[in-house]
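Those protein sequences? They're chains U and Z, same order as listed. Each number in our numbering corresponds to the 1-based position in the first sequence with 41 added. Each number in our numbering corresponds to the 1-based position in the second sequence with 1418 added.
Because the hints were derived from the structure by calculation, they are not lab data.
List of simulated lysine-lysine pairs, DSS-like, C-alpha gap at most 27 Å:
id, chain 1, residue 1, chain 2, residue 2
1, U, K57, U, K202
2, Z, K1651, U, K353
3, Z, K1661, Z, K1642
4, U, K229, Z, K1560
5, U, K322, Z, K1642
6, U, K111, U, K126
7, U, K322, Z, K1660
8, U, K100, U, K111
9, U, K222, Z, K1523
10, Z, K1661, U, K202
11, U, K362, Z, K1642
12, U, K329, U, K353
13, Z, K1660, Z, K1634
14, U, K222, Z, K1420
15, Z, K1560, U, K111
16, U, K353, Z, K1661
17, Z, K1661, U, K57
18, Z, K1634, U, K337
19, Z, K1651, U, K329
Listed next, the stretches of chain U that the computed footprint assigns to chain Z, with coverage defined by at least 3 CB atoms under 8 Å from CB atoms of chain Z:
id, segment
20, 178-184
21, 295-304
22, 319-326
Beta carbons: idealized from backbone N, C-alpha and C, even for Gly.
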Amino acid sequence: MSVLVYIENADGKFRKSAFEIISYAAAIAQQINKPLVALSIGKVGADELAKAGQYGAAKVLNADADQLSKSNPQAYASVIAAAAKAENAEVVVMSASYNGKSVAPRVAVKLDASLGENVISLPDTSSSFIVKKGAYSGKAYAMVELLAPVKVLSMMPNSFKVVPNAVTAAVSSFQPAIDSKDFAVTVKETVRASGTISLPEAELVVSAGRGMKGPENWGMIEELANLLGAATACSKPVSDAGWRPHSEHVGQTGIAISPNLYLAVGISGAIQHLAGVSSSKVIVVVNKDPEAPFFKAADYGIVGDAFEVVPKLIEAAKAFKASQN
Amino acid sequence: MKILVCISSVPDTTAKINFTPDNKEFVAAGVTFILNPYDEVALSKAVDLAAQHNGTVTVINVGDATTEPVIRKALAIGANDAVRVNAVARDSFFVAKQISDYVSKNPFDLILCGRESSDHNGSSVPVMLAELLGMPCVLFAKSLTIDGTTATLDSEIEGGKEVLSVSLPFVAGGSEGMAEWKIPNMRGIMSARTKPLTVVEAVEVAQKTRLVSFDKPATRSAVKMIAVDDAGKLFEMIREEKKII
Ligand SMILES: Cc1cc2nc3c(=O)[nH]c(=O)nc-3n(C[C@H](O)[C@H](O)[C@H](O)COP(=O)(O)OP(=O)(O)OC[C@H]3O[C@@H](n4cnc5c(N)ncnc54)[C@H](O)[C@@H]3O)c2cc1C
Ligand SMILES: Nc1ncnc2c1ncn2[C@@H]1O[C@H](COP(=O)(O)O)[C@@H](O)[C@H]1O
Chain U
42 MSVLVYIENA DGKFRKSAFE IISYAAAIAQ QINKPLVALS IGKVGADELA
92 KAGQYGAAKV LNADADQLSK SNPQAYASVI AAAAKAENAE VVVMSASYNG
142 KSVAPRVAVK LDASLGENVI SLPDTSSSFI VKKGAYSGKA YAMVELLAPV
192 KVLSMMPNSF KVVPNAVTAA VSSFQPAIDS KDFAVTVKET VRASGTISLP
242 EAELVVSAGR GMKGPENWGM IEELANLLGA ATACSKPVSD AGWRPHSEHV
292 GQTGIAISPN LYLAVGISGA IQHLAGVSSS KVIVVVNKDP EAPFFKAADY
342 GIVGDAFEVV PKLIEAAKAF KASQN
Chain Z
1419 MKILVCISSV PDTTAKINFT PDNKEFVAAG VTFILNPYDE VALSKAVDLA
1469 AQHNGTVTVI NVGDATTEPV IRKALAIGAN DAVRVNAVAR DSFFVAKQIS
1519 DYVSKNPFDL ILCGRESSDH NGSSVPVMLA ELLGMPCVLF AKSLTIDGTT
1569 ATLDSEIEGG KEVLSVSLPF VAGGSEGMAE WKIPNMRGIM SARTKPLTVV
1619 EAVEVAQKTR LVSFDKPATR SAVKMIAVDD AGKLFEMIRE EKKII
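Bound-form chain Z, shown alone (with noise of 0.2 Å):
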């Protein structure tokens, strides 16, 4: 079985966003980039069904030469092998266009994603490129058992979830649950260095959205505190005061 697994390179969880004077840019310097929390998921889950299924994993990724770091983490957890689209990752569709790209050429038994990048927060790409491939998708699974050319998922819906089935091909985006985290060991990070990654170049995609700006938060007002003995006043306080109940 032959899975792929999409990683993304995100900021630090801990890390301040900081952006240029002129508000347009992310500001990288300082920041600690990791693998989206989530594709650490997904991936983990893939090397777990790659040993039961001798299997193997190709992870791929979006990006220019500085997401290689992430994309070395990602084989020391336990990828066999890796690309990189060499591109700055512009929007969900120009991302989803590349990977579908990649695997009309390079077929696979199973894709996985994380249900949302921590850094764009779309939920776009795993959905864009089921349907660029054709394929289903289940966007928030939490678990993922494969039976021969069938999988069984547990997808989280409004108050509760779904058990589902499908065959395989198909797309999977990662949520809480699907696996546990792995650490990578030193035999895993001492390998990882030799690993292949290999770099391919991007393909042409219609440019669909721009960037025209970043905003932050409004700070909040300072706090108002409450004494114990007053917090039966909380409710009509709030009332009064903000009018959202």
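So that you can see chain U by itself, here it is in the shape it has in the complex (with noise of 0.2 Å):
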């Protein structure tokens, strides 16, 4: 019996997600006494698998054939599940990113196992197999059981603190049978916006809404962003009036993040957007109206106009890196 823990990669590159999440796998491990084993999928260099070990994966299972070089999450998750059987694993874990959560259902299925998705901490096991996750967008936590003996949980970015735990990561090639029905999907192009904090594993965040009265306003909200190493987000409205892209757009219907910081300025506080950022660990909010109900969930509030506040912030985003320097 094992932990198997998936961790991907973003152009060969661990991200931190990825060393969060053998962090989390190898805690479960340790609590439920059995070894941990990770597996990376694709082309990645030997220096970057070795990292694994820093976070207590002791055994790296390396997928990196030809075809799964590009991100394919029903070929990953055949390759996951044969891994899972050749490991006889107990758990399996992935992080709930937009490939996790591609293929973690698919898993599931094929292992005949119970899933838990979007898991926000360690699972209880003093009995059973208990897990938390989010429920009914972020206005509540959902405690669940896995009854099956094979569970897969898929974790929300930025649930479980990195934990170093230096072991010596023995690496082995692991080339499961590949058939060719799991490449139905073409990738034809991928864009990407270059240089920017992926939304959902950001740890600091700043947001903006209406209040910005228009797009050819953000250009302090993105300076204040990039001061900080910060992704930037928006409100519904924004990203439906073509102001910023859709995938900025944070909420009930947008995107659920759980940041350590979530800035907020010139944007109201409908239910709708808190339940997709209510569970961010600092909220701060800037607004004009006193009255606006964003601040009755904040931990910090300033009232005023986004045009003089955003400014001063970005001064000290300035002094404030000069310092920690």
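Could you fit the two chains together into a complex? Lean on the hints.
Listed below in structure tokens is the structure:
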């Protein structure tokens, strides 16, 4: 029996979220006293693979067949299920990233397993196997018992701290049989906004709403985000109006995020918006209306005009950055 | 072209969420139920595609009789007929099994879901359904066009999008931007009353999960207000008090 963790790479590199998910899986492995095995799919260099050892993965399977070099949820699910069988995995863990969400339910079906999706903390394994996850779009949590012998978990990004736990990673090649039926979807083009921080994974997020008046005023929001190393987000009407891309829209019908810091400028705090951001650890609200509902859900509030406050925050961020160096 | 849209009946987005005192059940009394917003996007797309390709749209819901108003709403938006699998939706695997059972007896060229339901938030049903049917799935589809038997989709990925091509049949999860939301007109509402709604019984499915309890997020401590002139101290303050940056 073992715990298997699938670690995603981005263009051959592991991001922080990969180490976060290994740390999480290592904690589960320790909790149920089973060895941890990591699985990497696609082309990742030896140095990079060895990094898995820094967070507790003593065994790393490297599925680097040419066909798997491009992300493909159907094929990846087959590889993960094959690895889970080969390693006799009792728990299979991955990140609830876009890719992870497209993969985990398939793995669960293939393994006849129970699926715990978007979990936000370690499972309670004291007498059975109970996971905690978000429900009702951020308005509640559900505790769910996973009944099948095999459990597949996808974890909400940013729900677990990276914990260094150095072991030597023994990397071995993993080459399961690959079914051509898994390659029914062709990727014609990948468009990636370069240099931006992925919103679902971001630790810091600067977000703005209709209070910004128009897309031409987003320069200062981007500047503040850049200085802080934050991702940018927006409210729904802003993306509906085409001021910002839909991929930045957070809330009940957008992306749900749980960063360490969510700084919202000119957003009223409608219930549908709050649903997607309320699990942020610290919320700062800037709004010129002292009655804006968002202040009730905030840790820090500044009542003022965005066009006056944001430039001050930019200066503050510069000073803050300088003091850190 | 035969299109199936999987629809879920969920609490209105503005509804307050309450549970029974033992925290084991959601209290539905006083809550308005709506068509899950992403399913509405998927359905709007399906109605457009059916018009373009001389097709039909069937909606399917796994639920008890209380979901029928939402099914009628979907018929009013433009679905031709509806199926209700008569069972409370226990979990995503249960729902996916019911729908896959129906589809294996009644094939479709295209199956659309929402990318996520606003009550379970699993994003699991479409993917499980595709796996059970041996089909590809594009879970975060922001656009969809069909030419003959080939579809082109924009799919959301971290920090960008992918343009994908896939042959029918397949499963897609509708995301923002896939279609404009359709508002039912009077004729739609009138005709919805008489469109066929078939009720089928559920198949047996091994239970994979059990709901133990619900919980509500802890309320935040009172907001700390900062004067505009002190805005410059914000990040220092957060570092000292919260230790997260
Ligand atoms: C089914 C459904 C789903 C929805 N899903 C979502 C969702 O996922 N995400 C989402 O965000 N919304 C969602 N909404 C919309 C939501 O109800 C609100 O309409 C929306 O969040 C409001 O966006 P906003 O705060 O940017 O704009 P507004 O409500 O217009 O608020 C603008 C705010 O800016 C402030 N302001 C104005 N000028 C300034 C200035 N110069 N300086 C500082 N502050 C200023 C105002 O005081 C006001 O509070 C949904 C709605 C429905 C019906
Ligand atoms: N009870 C249900 N009946 C029919 N379709 C459903 C049901 N629940 C979920 N779905 C579909 O699956 C999608 C994703 O739901 P979920 O996996 O719960 O996030 C929804 O947007 C619907 O399209």
